[in-house]
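*Asks:* The lines below spell out each chain.
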Amino acid sequence: MLSKRIIACLDVRDGRVVKGVQFEQLRHAGDPAELARRYNVEGIDEVVILDVTATLEARQARAHTIRAVAREIFLPLAVGGGIRSEADAEAAIEAGADKVSLNTAALAEPTLLTRLATRYGSQAVVVAIDARREGAGFGVFVRSGRAAAGRDAVEWAREACDRGAGEILLTSMDRDGTRAGFDCEMTAAVSTAVPIPVIASGGAGTFDHFVDVFTRGRADAALAASIFHYDEHSVAELKAHLAARGIPVRR
Amino acid sequence: MIALIDYGAGNLASVRKALAALDAEVFTPADPAELASVRGVIVPGVGHFSSTAALDDRWRAAVLAGIRRGVPLFGVCVGMQWLFEGSTEAPDTPGLGVLAGTCARLTGHDPADPAHALKVPHVGWNSLDFVRPSVLTRGLEPGVQVYFTHSYAAPVTDGTVASTTHGERFAAVVERDRVFGVQFHPEKSSEPGLTILRNFLEVARTV
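Those sequence lines, one after another, are chains A and B. Count along the first sequence from 1, add 8, and you get the number used in the working numbering. Count along the second sequence from 1, add 357, and you get the number used in the working numbering.
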């Protein structure tokens with residue numbers, strides 16, 4: 009049966025991984041390609057590059073990073089961060105990305121999703137949704153969490169799916185960085201609302217958080233960033249923990 | 358030389374990268390006539406089955422001629438679906454017809470949990486259940502997992518080497534004489550994927 013996926017997220021700025029990478033064995037701490045290679049050896053299922061380079065040359069810088077990472081791994085590679093147009097997506101895909109992730113641009117221009125899905129297939133189009141609890145629902149935020157979009161996460165996820173998205177990457181802004189666990193209720197609400205896979209993000213701190221998000225949260229995949237960056241935990245250990253609790257994983 | 362046919366169905370960068378890593382000599386033919394002297398043919402493809410309509414009569418004739426000459430053919434993802442008679446995704450687009458059966462959409466029905474539909478597209482790592490041995494899958498352990506991303510699937514027939522289950526069983530690896538196909542992406546399936554590509558290249562080398 010289909011395994012639940014553990015996805016490594018590399019936050020990259022100007023070609024370097026940010027957010028405190030501290031693998032002792034890395035000769036060049038912060039090198040995306042070396043980190044990707046390490047994750048590959050450890051058994052990661054996919055890699056996401058979230059590029060936050062905020063320069064005019066962002067597209068070329070992103071392409072350079074993508075090529076360097078793609079050279080190291082024969083795994084699915086998704087790229088997000090500043091994908092605002094077909095040209096941005098094309099550059100990322102030609103550099104080696106299998107999927108592009110759109111956030112702000114998808115909400116601003118949903119027809120872009122359809123154009124990308126038509127050109128590359130839905131499997132290449134991921135819609136990233138950042139949301140926090142708002143009353144009984146979940147409010148969507150854009151521009152790296154700075155602006156409320158005035159949309160509900162479940163409702164926007166449904167529209168994104170209709171427009172051509174192949175997967176949803178759902179980040180809980182309430183939980184992100186807290187290591188207090190994923191927002192399982194929000195993840196389940198979105199996952200049961202759409203027929204496409206949902207990747208949970210935000211809040212991972214312990215292995216049991218992953219157990220929860222794959223069961224109560226009904227997530228199909230989970231993103232892990234800082235939980236692995238500090239080398240306290242390994243992908244292999246996490247997968248062993250999940251397998252021991254009956255969660256299907258690739259080992 | 359191995360011909361990697363680019364008929365506009367998706368990006369070939371990751372396939373090319375994998376083949377390059379395996380030291381394969383690969384080129385992209387601009388015209389079907391260029392298939393006349395190759396040692397192997399790879400038909401990739403992602404996206405909608407209708408894109409295979411670009412493989413017109415001349416391409417089909419050249420590919421079939423190659424099959425008759427014993428040139429190994431490898432269909433990947435939509436390229437594998439094209440080996441069959443067609444797909445309900447694009448009823449007006451005929452497949453190559455080397456394998457009997459028509460591809461159909463995954464229903465998402467899970468007999469183990471009928472109240473919850475399985476996600477479609479089928480995305481992620483799933484296991485290969487071997488039905489019979491094949492030169493293509495030599496060296497792979499039973500239950501090995503590979504990376505899938507698709508909404509349509511081919512039926513299990515006597516051409517099936519390995520099946521996979523996502524609620525329903527479908528063909529994951531097919532073989533008929535020297536025509537091979539995989540529903541998953543070998544270029545995104547880590548070591549097992551490279552093993553499969555390497556095995557195909559080995560078959561092509563012995564032509």
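What the hints contain is simulated information worked out from the structure, not anything from laboratory work. Glycine included, each C-beta is placed from N, C-alpha and C at the ideal position. It is possible that part of the hints are untrue.
Here's a subset of chain A near chain B, in silico, CB distances under 8 Å, partners left out [said to hold, decoys possible]: (1) Asp53; (2) Cys169; (3) Gly174; (4) Ala201; (5) Pro203; (6) Ala232; (7) Arg258.
*Asks:* A separate judgement is required for each hint: does it hold in the structure or not?
*Replies:* Evaluation of the provided hints:
no., hint, verdict
1, Asp53, "holds, 6 Å"
2, Cys169, "violated, 11 Å"
3, Gly174, "holds, 6 Å"
4, Ala201, "violated, 12 Å"
5, Pro203, "holds, 6 Å"
6, Ala232, "violated, 16 Å"
7, Arg258, "holds, 4 Å"
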